[in-house]
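Peer 1: Generate the whole structure from the sequences, applying the supplied hints.
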Amino acid sequence: MTETRIMAPSNIKVNPIGIAVIALVTIVVLYAGSSMKMFRSADTVNLKELLSVGIDVARKGGERVRIIRESSNMDEQSKGLTQEGAQELKTNGDVQSHVQMFYGIKNAFPSVDVKSEEHDPQGIDTKSVPKANKYLTEIQSLDATVEVPVKDITIWIDPLDATQEYTENLRQYVTTMVCVAVKGVPTIGVIYKPFLDKTFWGFIGHGHSANIVTPESFSSDKTRIIVSRSHSGQVEQVAKSAMGDAIEIIPAGGAGFKTLEVISGNASAYVHVTRIKKWDLCAGNAIINSIDVDHKDGVEGKMTTLEGRLIDYSGAGSPINDDGLLATIHEHEKFLTILKPAFESMKKEQTAQA
861 MTETRIMAPS
871 NIKVNPIGIA
881 VIALVTIVVL
891 YAGSSMKMFR
901 SADTVNLKEL
911 LSVGIDVARK
921 GGERVRIIRE
931 SSNMDEQSKG
941 LTQEGAQELK
951 TNGDVQSHVQ
961 MFYGIKNAFP
971 SVDVKSEEHD
981 PQGIDTKSVP
991 KANKYLTEIQ
1001 SLDATVEVPV
1011 KDITIWIDPL
1021 DATQEYTENL
1031 RQYVTTMVCV
1041 AVKGVPTIGV
1051 IYKPFLDKTF
1061 WGFIGHGHSA
1071 NIVTPESFSS
1081 DKTRIIVSRS
1091 HSGQVEQVAK
1101 SAMGDAIEII
1111 PAGGAGFKTL
1121 EVISGNASAY
1131 VHVTRIKKWD
1141 LCAGNAIINS
1151 IDVDHKDGVE
1161 GKMTTLEGRL
1171 IDYSGAGSPI
1181 NDDGLLATIH
1191 EHEKFLTILK
1201 PAFESMKKEQ
1211 TAQA
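In the numbering used here, each number is its position in the sequence shown, counted from 1, plus 860.
Keep in mind the hints are simulated off the structure, nothing from the lab. Ideal placement from N, C-alpha and C gives every residue a C-beta, glycine not left out. Careful, some of the hints might be misleading.
List of simulated lysine-lysine pairs, PhoX-like, C-alpha gap at most 20 Å [to be verified]:
#: 1; residue 1: Lys939; residue 2: Lys1137
#: 2; residue 1: Lys1200; residue 2: Lys1100
#: 3; residue 1: Lys1011; residue 2: Lys966
#: 4; residue 1: Lys975; residue 2: Lys987
#: 5; residue 1: Lys966; residue 2: Lys991
#: 6; residue 1: Lys1100; residue 2: Lys1011
#: 7; residue 1: Lys1100; residue 2: Lys1207
#: 8; residue 1: Lys1162; residue 2: Lys1200
#: 9; residue 1: Lys1082; residue 2: Lys1100
#: 10; residue 1: Lys1011; residue 2: Lys1082
#: 11; residue 1: Lys1011; residue 2: Lys1043
#: 12; residue 1: Lys1011; residue 2: Lys975
#: 13; residue 1: Lys1043; residue 2: Lys975
#: 14; residue 1: Lys1058; residue 2: Lys1137
#: 15; residue 1: Lys1162; residue 2: Lys1194
#: 16; residue 1: Lys1043; residue 2: Lys1137
#: 17; residue 1: Lys966; residue 2: Lys939
#: 18; residue 1: Lys991; residue 2: Lys975
#: 19; residue 1: Lys1137; residue 2: Lys1162
#: 20; residue 1: Lys966; residue 2: Lys987
#: 21; residue 1: Lys939; residue 2: Lys975
#: 22; residue 1: Lys1043; residue 2: Lys1207
#: 23; residue 1: Lys1137; residue 2: Lys975
#: 24; residue 1: Lys1194; residue 2: Lys1100
The calculated label-pair distances, taken between Cβ atoms and stated as ranges, are [to be verified]:
#: 25; residue 1: Val1008; residue 2: Gln1213; range: 40 to 48 Å
#: 26; residue 1: Glu1028; residue 2: Glu1096; range: 16 to 24 Å
#: 27; residue 1: Lys1082; residue 2: Pro981; range: 26 to 34 Å
Peer 2: Take a look at the structure:
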(Lines of atoms letter the chains of each structure in order from A and count residues from 1; the text may use other names and numbers.)
(Lines give C-alpha, C1' and ligand atoms only; values in the text may rest on other atoms or scores of the structure.)
Protein backbone atom coordinates (compact mmCIF):
# COMPACT_ATOMS: atom_id res chain seq x y z
CA MET A 1 0.00 0.00 0.00
CA THR A 2 1.32 3.38 -0.95
CA GLU A 3 1.25 5.94 1.90
CA THR A 4 -0.30 9.25 0.91
CA ARG A 5 1.06 12.32 2.63
CA ILE A 6 -0.65 15.68 2.59
CA MET A 7 1.89 18.40 2.72
CA ALA A 8 1.08 21.90 3.94
CA PRO A 9 1.71 24.55 1.34
CA SER A 10 5.16 25.86 1.90
CA ASN A 11 4.13 29.47 1.26
CA ILE A 12 1.83 29.78 4.38
CA LYS A 13 3.60 31.43 7.27
CA VAL A 14 2.40 32.17 10.79
CA ASN A 15 2.31 35.91 11.42
CA PRO A 16 2.88 36.68 15.12
CA ILE A 17 1.52 40.21 14.75
CA GLY A 18 -1.72 38.93 13.20
CA ILE A 19 -2.20 36.43 16.01
CA ALA A 20 -1.64 39.18 18.57
CA VAL A 21 -4.21 41.43 16.87
CA ILE A 22 -6.81 38.64 16.78
CA ALA A 23 -6.19 37.84 20.44
CA LEU A 24 -6.48 41.50 21.39
CA VAL A 25 -9.76 41.91 19.49
CA THR A 26 -11.15 38.78 21.15
CA ILE A 27 -10.24 40.08 24.61
CA VAL A 28 -11.82 43.48 23.88
CA VAL A 29 -15.05 41.87 22.65
CA LEU A 30 -15.28 39.57 25.68
CA TYR A 31 -14.50 42.42 28.07
CA ALA A 32 -17.03 44.72 26.42
CA GLY A 33 -19.72 42.04 26.64
CA SER A 34 -18.90 41.41 30.28
CA SER A 35 -18.90 45.13 31.04
CA MET A 36 -22.25 45.63 29.33
CA LYS A 37 -23.71 42.76 31.34
CA MET A 38 -22.38 44.29 34.56
CA PHE A 39 -23.72 47.69 33.53
CA ARG A 40 -27.17 46.28 32.78
CA SER A 41 -27.31 44.38 36.05
CA ALA A 42 -26.37 47.52 37.99
CA ASP A 43 -28.84 49.67 36.09
CA THR A 44 -31.83 47.32 36.26
CA VAL A 45 -33.62 45.25 38.88
CA ASN A 46 -35.43 41.95 38.57
CA LEU A 47 -39.07 42.21 39.66
CA LYS A 48 -39.28 38.57 40.68
CA GLU A 49 -36.33 39.14 43.01
CA LEU A 50 -38.05 42.24 44.38
CA LEU A 51 -41.17 40.17 45.10
CA SER A 52 -39.04 37.67 47.01
CA VAL A 53 -37.34 40.46 48.95
CA GLY A 54 -40.70 42.08 49.70
CA ILE A 55 -42.10 38.86 51.14
CA ASP A 56 -38.95 38.24 53.17
CA VAL A 57 -38.73 41.70 54.77
CA ALA A 58 -42.47 41.88 55.47
CA ARG A 59 -42.12 38.68 57.49
CA LYS A 60 -38.96 39.80 59.27
CA GLY A 61 -40.52 43.13 60.17
CA GLY A 62 -43.67 41.33 61.27
CA GLU A 63 -41.63 39.05 63.52
CA ARG A 64 -40.25 42.10 65.34
CA VAL A 65 -43.78 43.52 65.64
CA ARG A 66 -45.06 40.28 67.17
CA ILE A 67 -42.16 39.80 69.58
CA ILE A 68 -42.38 43.36 70.90
CA ARG A 69 -46.16 43.17 71.37
CA GLU A 70 -45.84 39.91 73.28
CA SER A 71 -43.03 41.29 75.45
CA SER A 72 -45.02 44.48 76.15
CA ASN A 73 -41.87 46.52 75.41
CA MET A 74 -43.95 48.98 73.40
CA ASP A 75 -42.39 52.38 74.25
CA GLU A 76 -45.39 54.30 72.89
CA GLN A 77 -44.71 57.82 71.62
CA SER A 78 -46.79 60.44 69.85
CA LYS A 79 -45.66 61.68 66.45
CA GLY A 80 -48.19 64.52 66.73
CA LEU A 81 -51.82 64.96 65.77
CA THR A 82 -53.54 63.74 62.64
CA GLN A 83 -55.57 66.13 60.49
CA GLU A 84 -58.62 65.06 62.51
CA GLY A 85 -56.92 65.85 65.82
CA ALA A 86 -56.18 62.28 66.93
CA GLN A 87 -52.81 61.22 68.33
CA GLU A 88 -50.57 59.58 65.72
CA LEU A 89 -48.65 56.93 67.61
CA LYS A 90 -45.28 55.30 67.12
CA THR A 91 -44.03 52.27 69.05
CA ASN A 92 -40.89 50.21 69.40
CA GLY A 93 -42.58 47.76 67.04
CA ASP A 94 -42.82 50.40 64.29
CA VAL A 95 -39.16 51.36 64.68
CA GLN A 96 -37.64 47.89 64.83
CA SER A 97 -39.79 46.66 61.96
CA HIS A 98 -38.68 49.68 59.90
CA VAL A 99 -35.01 48.82 60.44
CA GLN A 100 -35.49 45.20 59.36
CA MET A 101 -37.59 46.09 56.33
CA PHE A 102 -35.87 49.24 55.07
CA TYR A 103 -32.31 47.97 55.38
CA GLY A 104 -33.18 44.43 54.37
CA ILE A 105 -34.22 45.96 51.04
CA LYS A 106 -31.40 48.53 50.82
CA ASN A 107 -28.69 45.98 51.61
CA ALA A 108 -30.04 43.77 48.82
CA PHE A 109 -30.73 46.59 46.32
CA PRO A 110 -28.64 49.63 47.38
CA SER A 111 -29.71 51.84 44.48
CA VAL A 112 -33.48 51.36 44.86
CA ASP A 113 -35.56 54.24 46.23
CA VAL A 114 -37.41 53.15 49.40
CA LYS A 115 -40.10 55.24 51.11
CA SER A 116 -41.02 54.33 54.69
CA GLU A 117 -43.52 55.68 57.19
CA GLU A 118 -40.84 55.58 59.88
CA HIS A 119 -37.31 56.97 60.28
CA ASP A 120 -34.07 55.50 61.55
CA PRO A 121 -33.53 55.43 65.31
CA GLN A 122 -30.29 56.93 66.56
CA GLY A 123 -27.29 54.66 67.00
CA ILE A 124 -28.61 51.77 64.92
CA ASP A 125 -26.08 49.58 63.11
CA THR A 126 -27.81 49.30 59.76
CA LYS A 127 -25.00 47.28 58.17
CA SER A 128 -25.72 44.42 60.56
CA VAL A 129 -29.20 43.96 59.07
CA PRO A 130 -28.97 40.94 56.75
CA LYS A 131 -29.77 41.25 53.07
CA ALA A 132 -33.25 40.06 52.23
CA ASN A 133 -33.64 36.78 50.35
CA LYS A 134 -33.94 37.33 46.58
CA TYR A 135 -34.69 33.67 45.87
CA LEU A 136 -37.47 32.37 48.11
CA THR A 137 -38.34 28.82 47.09
CA GLU A 138 -42.09 29.44 47.26
CA ILE A 139 -42.07 31.78 44.23
CA GLN A 140 -39.34 30.21 42.09
CA SER A 141 -41.92 28.52 39.85
CA LEU A 142 -43.40 31.93 39.02
CA ASP A 143 -42.77 32.77 35.36
CA ALA A 144 -41.95 36.42 35.86
CA THR A 145 -38.36 37.23 34.96
CA VAL A 146 -38.81 40.93 34.25
CA GLU A 147 -35.94 43.44 34.30
CA VAL A 148 -36.88 47.07 34.95
CA PRO A 149 -34.65 50.18 35.05
CA VAL A 150 -33.87 50.97 38.67
CA LYS A 151 -34.76 54.63 38.09
CA ASP A 152 -38.36 53.57 37.43
CA ILE A 153 -38.73 51.78 40.77
CA THR A 154 -40.11 53.17 44.03
CA ILE A 155 -40.69 50.87 47.01
CA TRP A 156 -43.21 51.93 49.66
CA ILE A 157 -43.14 50.18 53.03
CA ASP A 158 -45.37 50.40 56.08
CA PRO A 159 -43.45 48.70 58.90
CA LEU A 160 -46.57 48.52 61.09
CA ASP A 161 -50.01 49.28 59.75
CA ALA A 162 -52.70 49.90 62.41
CA THR A 163 -50.42 51.21 65.15
CA GLN A 164 -53.38 52.49 67.19
CA GLU A 165 -54.95 49.03 67.17
CA TYR A 166 -51.53 47.52 67.96
CA THR A 167 -51.37 49.54 71.17
CA GLU A 168 -54.91 48.40 72.03
CA ASN A 169 -53.87 44.77 71.44
CA LEU A 170 -56.37 44.42 68.57
CA ARG A 171 -53.96 42.12 66.78
CA GLN A 172 -56.23 41.04 63.93
CA TYR A 173 -55.87 44.44 62.24
CA VAL A 174 -52.06 44.61 62.32
CA THR A 175 -50.02 44.08 59.14
CA THR A 176 -46.64 44.89 57.61
CA MET A 177 -46.67 45.98 53.97
CA VAL A 178 -44.32 46.31 51.00
CA CYS A 179 -45.15 47.70 47.57
CA VAL A 180 -43.10 47.98 44.38
CA ALA A 181 -44.25 50.74 42.05
CA VAL A 182 -42.97 50.91 38.46
CA LYS A 183 -43.22 54.40 36.98
CA GLY A 184 -45.76 55.18 39.68
CA VAL A 185 -47.95 52.13 39.00
CA PRO A 186 -48.40 49.75 41.98
CA THR A 187 -47.08 46.50 40.50
CA ILE A 188 -46.10 44.20 43.38
CA GLY A 189 -47.80 44.21 46.77
CA VAL A 190 -47.12 42.19 49.93
CA ILE A 191 -49.28 42.25 53.07
CA TYR A 192 -48.22 40.14 56.05
CA LYS A 193 -50.35 39.40 59.12
CA PRO A 194 -47.74 38.74 61.83
CA PHE A 195 -50.11 37.40 64.49
CA LEU A 196 -51.60 34.86 62.07
CA ASP A 197 -48.38 34.24 60.11
CA LYS A 198 -50.20 34.74 56.81
CA THR A 199 -48.65 36.32 53.72
CA PHE A 200 -50.68 37.78 50.86
CA TRP A 201 -49.02 38.99 47.68
CA GLY A 202 -49.95 40.09 44.19
CA PHE A 203 -47.88 40.78 41.07
CA ILE A 204 -49.86 42.50 38.35
CA GLY A 205 -49.83 40.44 35.17
CA HIS A 206 -48.26 37.45 36.95
CA GLY A 207 -50.84 36.37 39.52
CA HIS A 208 -51.10 36.36 43.29
CA SER A 209 -50.65 34.10 46.31
CA ALA A 210 -52.89 31.03 46.44
CA ASN A 211 -54.62 32.22 49.63
CA ILE A 212 -56.23 35.14 47.78
CA VAL A 213 -59.67 33.90 46.75
CA THR A 214 -62.20 36.41 45.46
CA PRO A 215 -65.97 35.88 45.14
CA GLU A 216 -67.44 36.09 41.65
CA SER A 217 -70.27 38.30 42.91
CA PHE A 218 -71.53 39.92 46.09
CA SER A 219 -72.55 37.28 48.63
CA SER A 220 -75.00 39.55 50.47
CA ASP A 221 -78.00 41.60 49.43
CA LYS A 222 -76.81 44.38 51.73
CA THR A 223 -73.97 46.65 50.64
CA ARG A 224 -71.23 46.49 53.26
CA ILE A 225 -68.80 49.42 53.45
CA ILE A 226 -65.61 48.93 55.46
CA VAL A 227 -64.15 52.10 56.97
CA SER A 228 -61.54 53.27 59.47
CA ARG A 229 -62.51 52.93 63.14
CA SER A 230 -61.20 56.42 63.83
CA HIS A 231 -63.72 58.23 61.63
CA SER A 232 -66.51 55.79 60.80
CA GLY A 233 -69.10 58.52 61.39
CA GLN A 234 -67.79 60.71 58.58
CA VAL A 235 -67.82 57.86 56.07
CA GLU A 236 -71.24 56.74 57.24
CA GLN A 237 -72.51 60.26 56.62
CA VAL A 238 -71.09 60.27 53.09
CA ALA A 239 -72.21 56.72 52.29
CA LYS A 240 -75.74 57.01 53.64
CA SER A 241 -76.34 60.39 52.05
CA ALA A 242 -75.40 58.78 48.74
CA MET A 243 -76.79 55.25 49.12
CA GLY A 244 -79.51 55.45 51.76
CA ASP A 245 -79.85 53.48 54.97
CA ALA A 246 -79.74 50.06 53.29
CA ILE A 247 -75.99 49.75 53.84
CA GLU A 248 -73.90 48.31 56.63
CA ILE A 249 -70.87 50.21 57.95
CA ILE A 250 -68.01 48.00 59.18
CA PRO A 251 -65.45 49.88 61.32
CA ALA A 252 -61.97 48.32 61.16
CA GLY A 253 -58.33 49.21 61.68
CA GLY A 254 -55.51 49.23 59.15
CA ALA A 255 -55.66 49.95 55.44
CA GLY A 256 -54.07 46.60 54.64
CA PHE A 257 -56.67 44.70 56.65
CA LYS A 258 -59.55 46.61 55.07
CA THR A 259 -58.30 46.00 51.53
CA LEU A 260 -57.97 42.28 52.20
CA GLU A 261 -61.54 42.22 53.53
CA VAL A 262 -62.76 43.66 50.22
CA ILE A 263 -60.67 41.17 48.25
CA SER A 264 -62.08 38.23 50.22
CA GLY A 265 -65.66 39.43 49.77
CA ASN A 266 -66.30 40.29 53.41
CA ALA A 267 -66.93 43.89 52.38
CA SER A 268 -68.37 45.38 49.19
CA ALA A 269 -66.09 48.41 49.22
CA TYR A 270 -63.40 50.12 51.26
CA VAL A 271 -64.12 53.85 51.55
CA HIS A 272 -61.90 56.50 53.12
CA VAL A 273 -62.70 60.22 53.16
CA THR A 274 -59.83 61.86 55.06
CA ARG A 275 -56.08 62.22 54.53
CA ILE A 276 -54.16 58.98 54.09
CA LYS A 277 -50.53 58.24 53.19
CA LYS A 278 -49.36 56.23 50.19
CA TRP A 279 -47.42 53.67 52.23
CA ASP A 280 -50.81 52.76 53.73
CA LEU A 281 -52.29 52.14 50.28
CA CYS A 282 -49.69 50.99 47.79
CA ALA A 283 -49.40 47.30 48.74
CA GLY A 284 -53.17 46.80 48.85
CA ASN A 285 -53.51 48.71 45.59
CA ALA A 286 -51.01 46.41 43.87
CA ILE A 287 -52.71 43.27 45.17
CA ILE A 288 -56.16 44.48 44.19
CA ASN A 289 -54.81 45.35 40.72
CA SER A 290 -53.39 41.84 40.34
CA ILE A 291 -56.80 40.20 40.69
CA ASP A 292 -58.04 38.82 37.43
CA VAL A 293 -56.57 41.37 35.06
CA ASP A 294 -58.38 39.55 32.24
CA HIS A 295 -61.67 40.53 33.91
CA LYS A 296 -63.03 36.99 33.85
CA ASP A 297 -66.12 36.19 35.94
CA GLY A 298 -66.82 39.89 36.38
CA VAL A 299 -63.98 40.30 38.89
CA GLU A 300 -61.91 43.44 38.36
CA GLY A 301 -59.97 44.78 41.31
CA LYS A 302 -59.65 48.54 41.37
CA MET A 303 -58.54 51.29 43.74
CA THR A 304 -58.95 55.00 42.99
CA THR A 305 -59.51 58.28 44.77
CA LEU A 306 -63.14 59.24 45.35
CA GLU A 307 -62.67 61.65 42.48
CA GLY A 308 -62.01 58.68 40.20
CA ARG A 309 -58.28 59.11 39.66
CA LEU A 310 -55.65 56.41 39.92
CA ILE A 311 -53.07 57.07 42.62
CA ASP A 312 -49.53 57.88 41.46
CA TYR A 313 -46.86 56.20 43.58
CA SER A 314 -43.85 57.83 41.93
CA GLY A 315 -41.09 58.64 44.39
CA ALA A 316 -40.94 62.31 43.40
CA GLY A 317 -44.57 62.97 44.28
CA SER A 318 -46.17 63.74 47.63
CA PRO A 319 -46.80 60.78 49.97
CA ILE A 320 -50.18 62.29 50.89
CA ASN A 321 -53.57 61.50 49.35
CA ASP A 322 -56.31 64.00 50.27
CA ASP A 323 -58.81 62.96 47.61
CA GLY A 324 -60.53 60.08 49.37
CA LEU A 325 -60.31 56.39 48.54
CA LEU A 326 -62.48 53.70 46.98
CA ALA A 327 -61.37 50.06 46.66
CA THR A 328 -63.60 47.37 45.15
CA ILE A 329 -63.52 44.12 43.22
CA HIS A 330 -66.98 44.59 41.69
CA GLU A 331 -68.89 47.53 40.21
CA HIS A 332 -66.27 50.17 40.92
CA GLU A 333 -67.76 52.75 38.58
CA LYS A 334 -71.20 52.28 40.12
CA PHE A 335 -69.86 52.98 43.61
CA LEU A 336 -67.83 55.91 42.33
CA THR A 337 -70.81 57.50 40.59
CA ILE A 338 -72.86 57.27 43.78
CA LEU A 339 -70.19 58.33 46.29
CA LYS A 340 -68.30 61.05 44.42
CA PRO A 341 -70.98 63.78 44.68
CA ALA A 342 -71.46 63.17 48.41
CA PHE A 343 -67.69 63.28 48.99
CA GLU A 344 -67.34 66.52 47.05
CA SER A 345 -70.22 68.02 49.02
CA MET A 346 -68.50 67.05 52.29
CA LYS A 347 -65.25 68.71 51.16
CA LYS A 348 -67.07 71.91 50.24
CA GLU A 349 -68.69 72.03 53.67
CA GLN A 350 -65.32 71.52 55.35
CA THR A 351 -63.75 74.27 53.24
CA ALA A 352 -66.58 76.66 54.10
CA GLN A 353 -66.17 75.93 57.81
CA ALA A 354 -62.38 76.37 57.75
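Peer 1: Hint by hint, note whether the structure agrees.
Peer 2: Okay, the hints, checked on the actual structure:
no. : hint                           : result
1   : Lys939 to Lys1137              : holds (15 Å)
2   : Lys1200 to Lys1100             : holds (13 Å)
3   : Lys1011 to Lys966              : holds (15 Å)
4   : Lys975 to Lys987               : holds (18 Å)
5   : Lys966 to Lys991               : holds (8 Å)
6   : Lys1100 to Lys1011             : violated (44 Å)
7   : Lys1100 to Lys1207             : holds (16 Å)
8   : Lys1162 to Lys1200             : holds (16 Å)
9   : Lys1082 to Lys1100             : holds (13 Å)
10  : Lys1011 to Lys1082             : violated (45 Å)
11  : Lys1011 to Lys1043             : holds (9 Å)
12  : Lys1011 to Lys975              : holds (14 Å)
13  : Lys1043 to Lys975              : holds (14 Å)
14  : Lys1058 to Lys1137             : violated (24 Å)
15  : Lys1162 to Lys1194             : holds (12 Å)
16  : Lys1043 to Lys1137             : holds (18 Å)
17  : Lys966 to Lys939               : violated (25 Å)
18  : Lys991 to Lys975               : holds (18 Å)
19  : Lys1137 to Lys1162             : holds (18 Å)
20  : Lys966 to Lys987               : holds (10 Å)
21  : Lys939 to Lys975               : holds (18 Å)
22  : Lys1043 to Lys1207             : violated (30 Å)
23  : Lys1137 to Lys975              : holds (11 Å)
24  : Lys1194 to Lys1100             : holds (15 Å)
25  : Val1008 to Gln1213: 40 to 48 Å : holds (45 Å)
26  : Glu1028 to Glu1096: 16 to 24 Å : holds (21 Å)
27  : Lys1082 to Pro981: 26 to 34 Å  : violated (46 Å)
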